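Residue numbers (this note's numbering), protein chains in the order written: chain E, 1 to 440; chain R, 441 to 585.
The set of hints was computed from the structure by calculation and includes no laboratory data. None of the values given here were measured: they were computed from a predicted structure. Hints should not be assumed to be uniformly reliable.
[To be verified] Sample of chain R residues with no beta-carbon within 12 angstroms of chain E, all distances over it, derived:
| id | residue |
| --- | --- |
| 1 | S481 |
| 2 | R486 |
| 3 | G536 |
| 4 | D560 |
[As the list claims (entries may be wrong)] Between beta-carbon pairs, the in silico distance windows are:
| id | chain 1 | residue 1 | chain 2 | residue 2 | range |
| --- | --- | --- | --- | --- | --- |
| 5 | R | L529 | E | K372 | 57 to 67 angstroms |
| 6 | E | A361 | R | G468 | 30 to 40 angstroms |
| 7 | E | S373 | R | G505 | 48 to 58 angstroms |
| 8 | R | L529 | E | S423 | 56 to 66 angstroms |
| 9 | R | D560 | E | T315 | 25 to 35 angstroms |
Built from N, CA and C at the ideal position, the CB exists for glycine as well.
Below, each chain spelled out in residue letters.
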Amino acid sequence: MTGKRAHKIWDPAMECMSRDERHALQGRRLREVVRRVYDNVPVYRARMDAKGVKPEDIRTADDIVLLPFTEKTDLRDNFPYGLFAAPKSEIVRIQGSSGTTGKPIVVGYTKNDVDVWTQLMARALTAAGGGRDDIIQVCYGYGLFTGGLGAHQGATEIGAMVIPMSSGNTQRQIMMMREMGATMLCCTPSYATHLGETIREMGLEPGKDIHLKAGCFGAEPWTEEMRQKLEELLGIDACDLYGLTEIAGPGVAFECLEKDGMHVNEDHVMLEIIDPVTEKPVPEGQSGEMVFTTISKEGMPMLRYRTHDISSITTSPCACGRTTLRLGRLTGRTDDMLVIRGVNVFPSQIESVLVGIRGVAPHYLLVVDRVKSADVLEVQVEMTEDMFSDTVAHIVELEKKISGQIKSVVGIQAKIKLVAPRSIPRSEGKAKRVIDHRKL
Amino acid sequence: MYIRQISVFLENTTGSLHSMTRLLGEHGVDLIALSIADSDSFGVLRCVAHSGELDRAMEALREAGYTARVSDVICACVPDQPGGLSRVLGLLDQGGISIEYIYSFVRNTGVDALLIFKLDDPEKGAMLFAENGIRMLSQEQVDSL
């Protein structure tokens, strides 16, 4: 699924504009959105007043750092209409999330907001090779969740034929995919894998019985290994897709067929990467928390919305011709971040070191303690048969190799503790990776 | 020339050796040689069992979640007298062969002490032993101990 190919671009004027031009556009749009929320949303006005920031202080895109942050709790606390910046008569759509804890969050869209969101998804589908000749099967859920409707709108916009399957009923999904000759797929990467495995189990052959060529997969983080597996299983190009209800929905950022990071739709959102502790921007290429500001939204704009998702950005040019920032893979959540001897450590960084060493299993536990007022990081790794040797020196060598690589990637010395296989607790959902014994 | 040895990874915690040996006992595995090497956080138990019990032992260990493997080692008869071991080690030294580890059998033959050798060049080591009249036990001979 590699090789040179022509890149299709939905909106070249906006996607390929010079970075200077875009920066100026962002400045204009940011000024407008700040004025709008200051005048219409009491919560934002109070926050800005508390920081001593007036709308007229925002002159260029760079002034974004003066603005207050917004958190997910703000959406809950002001449920349902507290953050709306447009009158209800202007709102044409509500999307939201069920919220696993307590109150749901909802977001209101004006007609223009829905149109913008549609454009973002049209760009994403086009970048994955989609067009009017495609038959796009959408198996994201339809409803309050933005996945289904977002993909649906974008697919309709590019003139493709949409099969609005929504989620579930795998047998029926595959039957329709086969009979209708679907060429593109929109769903979560894990469901796509499940579809692929089921297709194989049914004895169907991609290329012969199934005619998918590409997919846009999002709504959960996935890895490069998973991409390879998906591409092989389904015989497709698998592109990553990022979005969140608070900002628009799927399409906030998307991969082109270069598959080298997700293009951020910077004419509609501004992205900052900050150190989650100091709240200062981190240099390009370095990992930090993604913070989004919507600069064209009317219904419910977000100022510096903290996603708690960790990623990094690059401004280097992409072979596809788009000039936007590109986002690296999402590597975790700030909720998992540890500060050890003043260094930010993400469990995913340790994980990447471990999976890169032959024979090492990706089951690990980070134990942090404070010994004589110094932080100590212990990394527990399960001893596998591939790592095991009857000679102690070989095992000690391996420990040194692991700690050396952790030191070079994370920058701190870790003590490696090899533990018995299957002794680190497994979990069905989110694995527990960290035990922090420090009394801070 | 070589005999089969089981090695098992053990965490350096109270009772871990006990529960492992109990497991082997329950499966009727008789240990005829044994040694433990350790670092500050883990240990490696090495042992020799009768070949008829080896598969059973490995199966029991793996099922119970231990990391274990089988490797080939040399079992040599070293004269049980002052200077006996030193002479054998001298041969290896002269031959430029390093010892990864050695340990002795629980049982012996009467005149000779039985030693397990893990050498960095086992082939050359075995040849040296043979040339210098140092007897090595085959797996069959170990089984009949």
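Problem - chain E versus S481/R - minimum CB to CB distance exceeding 12 angstroms, so not interface - result: Check fails; 5 angstroms does not lie beyond 12 angstroms.
Exercise for the section: Confirm or reject the claim that L529/R and K372/E have a C-beta distance inside 57 to 67 angstroms. Expected result: Hint violated: Cβ distance 44 angstroms, outside 57 to 67 angstroms.
Problem - Range hint 25 to 35 angstroms (beta carbons of D560/R and T315/E) holds or violated - result: The hint (25 to 35 angstroms, Cβ to Cβ) is violated, given that D560/R and T315/E are roughly 53 angstroms apart.
Problem - L529/R versus S423/E beta-carbon gap, inside 56 to 66 angstroms or not - result: violated, 39 angstroms
Handout entry: 12 angstroms Cβ clearance of G536/R from chain E
Key = At roughly 19 angstroms from the nearest Cβ of chain E, G536/R sits farther out than 12 angstroms, so the non-interface label holds.
Problem - D560/R remote from chain E - nearest C-beta pair above 12 angstroms - result: Not fine: 10 angstroms to the nearest Cβ puts D560/R too close to chain E.
Practice task
Confirm or reject the claim that A361/E and G468/R have a C-beta distance inside 30 to 40 angstroms.
Solution key: holds, 31 angstroms
Problem - Minimum Cβ-Cβ distance from R486/R to chain E exceeds 12 angstroms - result: violated, 6 angstroms
Practice task
Determine whether the Cβ-Cβ distance between S373/E and G505/R falls within the hinted range of 48 to 58 angstroms.
Solution key: violated, 38 angstroms
Going through the hint list in order, the structure does not satisfy hints 1, 2, 4, 5, 7, 8 and 9.
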